[in-house]
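K.L.:
Kindly produce the complete structure, drawing on both the sequences and the hints.
Listed in order, the protein sequences are those of chains V and D.
First residue of the first sequence: 1, per this note's numbering; consecutive thereafter.
First residue of the second sequence: 1, per this note's numbering; consecutive thereafter.
Think of the hints as simulated: they come from the structure by calculation, not from any bench.
Heads up, a few of these hints could be off.
Below, computed lysine to aspartate or glutamate pairings styled on EDC-like, alpha-carbon distance capped at 20 Å [what the hints assert, rightly or not]:
| id | chain 1 | residue 1 | chain 2 | residue 2 |
| --- | --- | --- | --- | --- |
| 1 | V | K434 | D | E16 |
| 2 | V | K264 | V | E320 |
| 3 | V | K98 | D | E125 |
| 4 | D | K36 | V | E409 |
| 5 | D | K36 | V | E443 |
| 6 | D | K36 | V | D406 |
| 7 | D | K128 | V | E97 |
Simulated DEER-style distance windows between Cβ atoms [what the hints assert, rightly or not]:
| id | chain 1 | residue 1 | chain 2 | residue 2 | range |
| --- | --- | --- | --- | --- | --- |
| 8 | V | A375 | D | P41 | 21 to 29 Å |
| 9 | D | P41 | V | K264 | 43 to 51 Å |
| 10 | D | I11 | V | T58 | 47 to 55 Å |
Which stretches of chain V does chain D cover? Using the computed rule of at least three CB atoms under 8 Å from a CB of chain D, they are [stated by the list, open to error]:
| id | region |
| --- | --- |
| 11 | 52–63 |
| 12 | 390–398 |
C-beta atoms are modelled at their ideal positions from N, C-alpha and C, and glycine is treated no differently.
For reference, the chains in residue letters:
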Amino acid sequence: MSVSRVLVANRGEIALRVIRACRALGIETVAAVSEADRDNLVARAADRSVCVGPPRPTDSYLKIEAIISAALGTVCDALHPGYGFLAERPELAEACEKNGIKFIGPHAESIRRMGNKIKARTLAQEFGIPVVSGSEKVHNFKEATAEAQKIGFPVLIKAAAGGGGRGMKIVASAGQLQGAFEMASAEARAAFGDPTLYLERYIANARHIEVQILGDRHGNVIHVGERDCSLQRRHQKVIEEAPAAALPLKLREEIQNAAVTIAKKIGYENAGTIEFLLDQDAERFYFLEMNTRIQVEHPVTEAISGMDLVQEQLRIAAGEPLSRSQSEVKLSGHAIECRITAESAAHGFRPCPGLITEWQPPEGDDIRVDTHCYAGYRVPPFYDSLLAKLIVRGENRIEAVGKMQDALETFFVSGIETTIPFLRFIAQRLEYVKGEVNTRWLESVLATSSFQAATAATSYQ
Amino acid sequence: MELTQEEVLQILNLIEKSDFDFMQLQVGELKLTVSKGNYVPSAVAAPAVASDPPPAAKPAPQIKESKPKAEPVAAKPKQPAAAADGVVIVAPMVGTFYTTPEPGAPPFVDLGAPVDEETTVGLIEVMKVFNAVQSHARGVIAEICVQNGQFVEYGQTLFIVKPKAAAGQKKAK
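P.N.:
Structure representation (C-alpha cells):
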C-alpha cells in the first residue's frame, strides 16, 4: 500500500475507528491531540501522538497550520480528517496537497462544489435529479416575501453555507416571515460567516434518506445502500438505520442511481454521502445536499454490507481500485445505530461533561460499540457530547429493534448523565417499533407529557 | 415457533387500538417491548424469564481498546525534567524548532546566556512561517532541551532558565 503513516486529525470515537482501520492494513498512525486529550485512549492507541495545541478546538483541532506541521514533523504521508472539525474544509485538502500529504477524502474542488448548498442544488438539477422547489439566493426580506409567495407556505429558510440546522427556520405564514428571516440571517452569519439565505418548500411528512457512495481514482463509483436518519432532534441525528425500510422498492433503486449519478458527474473520489428528502405522502424524493466525508452513522452500512468503509477510504487514497464492484455489494439484514451522548434529556438535553465512574457497554454477536470512553475517563467540556455509538444488527427490522432494546437495557454508565434512558424510552414507542415516523416525530414525542414522566422516573442511570 | 416481521407488525396493528399501556413479546429469539405510555424496564416486564441475569451479575466491564500502557510510546518527546529552581520555556505551537536565526549562524542563546522576558530564544517554523519564541523568564539558560531543526509539540520543553532571583537572592524586591 502506498500509504504508510497516517496522521489522525480528529478525536474521540472516530479517531479510534481510523486507527483500527489503519492497523488492519498495516499502516502506522500518529494522533494529533489537543492538550485536553494528551492522555486519552486515542493518544495511547496510536503509534505516536503529537500535541497540536490548547484544548479549545480553534487553537488545536481546527488549526490547519498546526495539523499540517504535525503531519510533516512526524513524516506522515497521509491524513485522515474524520468527521466534523476540518473534514469539509477545502483549505485542509489543499494544504495537504501542497505539502505532499495524501488527504483521505475527496479533492478540495469536490468539497468546494458540494459545500455551498445553493450551488449543489443547481448542480443536482443540471444532472436531472429532483430538488425541492425553492429560490435562488434571497438578499433581503422583500425578495424573501416575493419568493415565499411563489413557493407557498409553509416555507423553509435555509443558509447557503449551512449545516447542523443553524440558520434554518420553518415559516408557517407570511406574518412570521420577517422575524424568521432576520433571525436565520444572523444565525448564518454567526455560524458560517456568510448570511446568504434561500427558501425551500417545506415538506411536513418527510423522511431523511441518504445514500453511501464510494468512488476511486479509476472512475469507479458504487453505492453501498441507503440509510434512514429521520430521527433527529434540532436537526441532529439521534437514531439511524440501514436499509431505509420505509422506502418503496421502486424508489430505492431510483434514489441509489441518483446518488451514483451525482458522484460520477462530479468525478467524486473517496467516501461520501448524498442526502435526500423523501416526501412520504407524495412518494417522491428530492436531493438535499452532499456530505464529502465519512459519516458518524457509517457503521449501520458496514453492518449490512460487511464492508469496512474506513479501510476503503484508505485504499482509495492510496490509489487502489474499489474492493468491490456494484454487483459484488450484497446487503442483508437490518442495522440500527443509537448515538449516546453526555446530555441530560430530562433537563432539555443539557450537556453533562465529567468523570465516568462506571462504563459497561453491552456485548454480543450482533452488537458493536464504537467509543473512546471507559471507567475513569473524564469527558472534557470542550468538544461535542458524543460518547458512543451503539450498533445492532438483526435479520429484519423488528429483530433489530428488539436487539437494540435489549442492548440499551444492559448499557450501564455512572458518574455522568447520558441519553441512554431517553433512547430506551424511544426504542419502545409503538410508532418507532412499527416504523411509522417522520423527521418531526422525535421532537413531537419530546413534547409529550409521558416523556417528561418517564425521564423524571429514570433520569439517572 | 418463529414469527415473521409481517406477523409481528400485524399483531401490533391489531392491538394498536386496544387500551393497553405496554406489551411484551417473546417468541424464539425475538424479544420486543412496545409502549404507548411510560418506559418499561425489562426487569418489570419479564419476571418469569430466567435467561437474563440481573445487571449486577454482569462481569466486570471490559474496555475494548487495550488498556493504557504505563509508559508512553518511545517516540514521545521528553517532558520537563522537573527543574528544581528553573523556569521552563515551552513551545507555544507545534512545528520545527530552530536555535539559530539562519543556517550556520550562531544560536540565539547558548548555555549560560542571560535572558529576559523579551529575549528571542529560537524560531518555530509552521508551514514556512517563522515565529519567534520568547523567553518569558528572566535569568540564565541552564539547560537546552532541543536540537536545531527538531520537530516540537505544543507545550514541549525547549529550555530551562535559572531565574535571576535564584542566582542573586538578595536583590529580590
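K.L.:
Establish whether the coverage given for the region 52–63 of chain V by chain D is satisfied; the threshold is a Cβ-Cβ distance below 8 Å, and no fewer than three residues must meet it.
P.N.:
holds (count 4)
K.L.:
Take the C-beta atom of A375 (chain V) and the C-beta atom of P41 (chain D), compute their distance, and say whether it sits inside 21 to 29 Å.
P.N.:
23 Å Cβ-Cβ, so the 21 to 29 Å window holds.
K.L.:
Is 43 to 51 Å respected by the C-beta to C-beta distance linking P41 (chain D) and K264 (chain V)?
P.N.:
holds (50 Å)
K.L.:
Are K36 (chain D) and E409 (chain V) close enough, with their CA atoms no more than 20 Å apart?
P.N.:
holds (18 Å)
K.L.:
Take the C-alpha atoms of K36 (chain D) and D406 (chain V), compute the straight-line distance between them, and say whether it is at most 20 Å.
P.N.:
holds (18 Å)
K.L.:
Next pair to validate is K264 (chain V) with E320 (chain V); report whether the Cα-Cα distance is within 20 Å.
P.N.:
Judged against 20 Å, a Cα distance of about 17 Å means the pair holds.
K.L.:
Would you mind confirming whether the straight-line C-alpha gap from K98 (chain V) to E125 (chain D) stays at or under 20 Å?
P.N.:
Holds, because 16 Å separates the two Cα atoms, which is no more than 20 Å.
K.L.:
So if I understand the rule, the pair passes when the alpha-carbon distance is 20 Å or less; does K128 (chain D) with E97 (chain V) pass?
P.N.:
Answer holds: K128 (chain D) to E97 (chain V) is near 15 Å, not above 20 Å.
K.L.:
For K36 (chain D) and E443 (chain V), compute the direct alpha-carbon distance and say whether it is at most 20 Å.
P.N.:
Distance of about 16 Å is within 20 Å: holds.
K.L.:
Closer than 8 Å Cβ to Cβ for three or more residues is the test here. Does the region 390–398 of chain V pass it with chain D?
P.N.:
holds (count 3)
K.L.:
Mind checking the alpha carbons of K434 (chain V) and E16 (chain D) for me, to see if they're no more than 20 Å apart?
P.N.:
OK: K434 (chain V) and E16 (chain D) at ~10 Å, within 20 Å.
K.L.:
For the range 47 to 55 Å, tell me whether the beta carbons of I11 (chain D) and T58 (chain V) fit it or not.
P.N.:
holds (54 Å)
Violation of the numbered hints given earlier is absent; every hint is satisfied by the structure.
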